[in-house]
Amino acid sequence: MRNNQLDRRVRSYVDDLFAGVGESQQLYELKEELSTNLKEKIGDYKKEGRTEDEAFKEAAASIGDLSGLVDDMRNIGEDKVKQSVYSSMTNRISTAGLIIGVLLALFGALVTLMLYFMELPPVSTAGPAIFIVIGCILITYSSLTRETTKKFAMNKIRAMLYTAAAGLILFGFYTAVTSGFATGEMFIAVSSMMVFLLAGVGLWLGLVLTGRSRLKGQ
Amino acid sequence: MGKNISTDLIRGHTDTIVLNVLRHGDSYGYEIYKKIVRLSGNQYQLKEATLYTAFRRLEKEGSVESYWGDETQGGRRKYYRITEAGLRHYEQNKADWNFAKDILDKLIEGGIENEE
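Quick mapping for you: the protein sequence lines, in order, are chains A and B. Going left to right, the first sequence walks through residues 1 to 218 as the numbering used here numbers them. Going left to right, the second sequence walks through residues 1 to 116 as the numbering used here numbers them.
Please keep in mind that the hints were generated in silico from the structure rather than gathered at the bench. Any given hint could be a false lead.
As the list claims (entries may be wrong) - Stretch-level coverage of chain A by chain B, calculated; a stretch enters the list once three of its residues show a Cβ under 8 Å from a Cβ in chain B:
id	stretch
1	23-34
2	65-77
To be verified - FRET-style restraints, in silico, Cβ to Cβ:
id	chain 1	residue 1	chain 2	residue 2	range
3	B	Lys47	A	Ile93	40 to 50 Å
4	B	Gln92	A	Gln26	26 to 36 Å
5	B	Gln92	A	Asp44	30 to 40 Å
6	A	Asp65	B	Asp70	39 to 49 Å
7	A	Ile93	B	Lys101	51 to 61 Å
8	B	Lys101	A	Arg158	46 to 56 Å
9	B	Leu39	A	Ile93	48 to 58 Å
10	A	Gly20	B	Leu39	52 to 62 Å
11	A	Asn4	B	Asp8	40 to 50 Å
12	A	Asn4	B	Leu107	55 to 65 Å
13	A	Leu98	B	Tyr44	50 to 60 Å
14	B	Ile5	A	Asn75	25 to 35 Å
Said to hold, decoys possible - Part of the chain A face toward chain B, derived, beta carbon under 7 Å:
id	residue
15	Asn37
16	Glu40
17	Lys41
As the structure is a prediction and not an experimental result, all values here were calculated from the model. A virtual CB, placed ideally from N, CA and C, is assigned to each residue, including glycine.
Bound conformation, chain A alone (with noise of 0.2 Å):
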């Protein structure tokens, strides 16, 4: 509980030391390397018997004179024609990937209602649903690495894994009316189902709880 405390006042207190100085990947990493050496030092001036409070103003007036680094990180910050020559490329390439997506998934629905009105058998029906799932697949990577302006996009991995674990609980479902209506029985349905739903499930949980939040401005 205490420790959090302290790792909230040195966030804060470093954060104020750039107040108002545009984001960038350089700051974002300054900023952790002096509040990680900021905490070990805190760390040492109690161990000498200060008190944290004392501690933590010792350590933060040691720091001396910053504004040197502020400017640097400010032309870093202001700098955007650098930064929307990336966020624009990757963004146009989610762009191109949620288009795509939305319709794989209209032209599945599409087909798949076509079928159905053709009164062909259901186990030929539900087969073109497999570009609804591949549709939804494509629209879930490509808007988890977009940039907004509320969030930053996610890494590629992390949105790749993402993807995985949504792909594979969408594939459950289509498994499921496939072969449940090839075979007629539900029990196998529900089988054919199960294992890539629990797998699905079970990425999807561990990624949500070791998830860090990409809100901005944090």
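Got chain A sorted already, so can you dock chain B onto it with the hints?
Showing chain B alone in chain A's frame:
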């Protein structure tokens, strides 16, 4: 505070001092800080700001590289490693300093014989 070395005197040498610490192995901010204070026999009150500015400068010129440690408790540490170029840079600075030291001695303490 009277027995601390003047920051004006030391300013131009921060980079060399950091390189000297890193010559003995990779290290991170607070540890480098403690090593420098210890090297000075507690007679140099180094400010962290000076240190971080030096890290950025050294990294930009290619004298050091950095990487993140994988600590789980209390936040990750950013480690610095001296490069080949950094070692050469250090040797050059050391030679420069030894040369300057003698001349400064003469300039500050020397008397002028003609006017005795």
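Now the hints, each set against the structure:
no.	hint	result
1	23-34	holds (count 5)
2	65-77	holds (count 5)
3	B:Lys47 with A:Ile93: 40 to 50 Å	holds, 44 Å
4	B:Gln92 with A:Gln26: 26 to 36 Å	holds, 28 Å
5	B:Gln92 with A:Asp44: 30 to 40 Å	holds, 35 Å
6	A:Asp65 with B:Asp70: 39 to 49 Å	violated, 32 Å
7	A:Ile93 with B:Lys101: 51 to 61 Å	holds, 58 Å
8	B:Lys101 with A:Arg158: 46 to 56 Å	holds, 55 Å
9	B:Leu39 with A:Ile93: 48 to 58 Å	holds, 51 Å
10	A:Gly20 with B:Leu39: 52 to 62 Å	violated, 37 Å
11	A:Asn4 with B:Asp8: 40 to 50 Å	holds, 42 Å
12	A:Asn4 with B:Leu107: 55 to 65 Å	holds, 56 Å
13	A:Leu98 with B:Tyr44: 50 to 60 Å	holds, 57 Å
14	B:Ile5 with A:Asn75: 25 to 35 Å	holds, 32 Å
15	Asn37	holds, 4 Å
16	Glu40	holds, 5 Å
17	Lys41	holds, 6 Å
Hint check: violations occur at hints 6 and 10; the rest are consistent with the structure.
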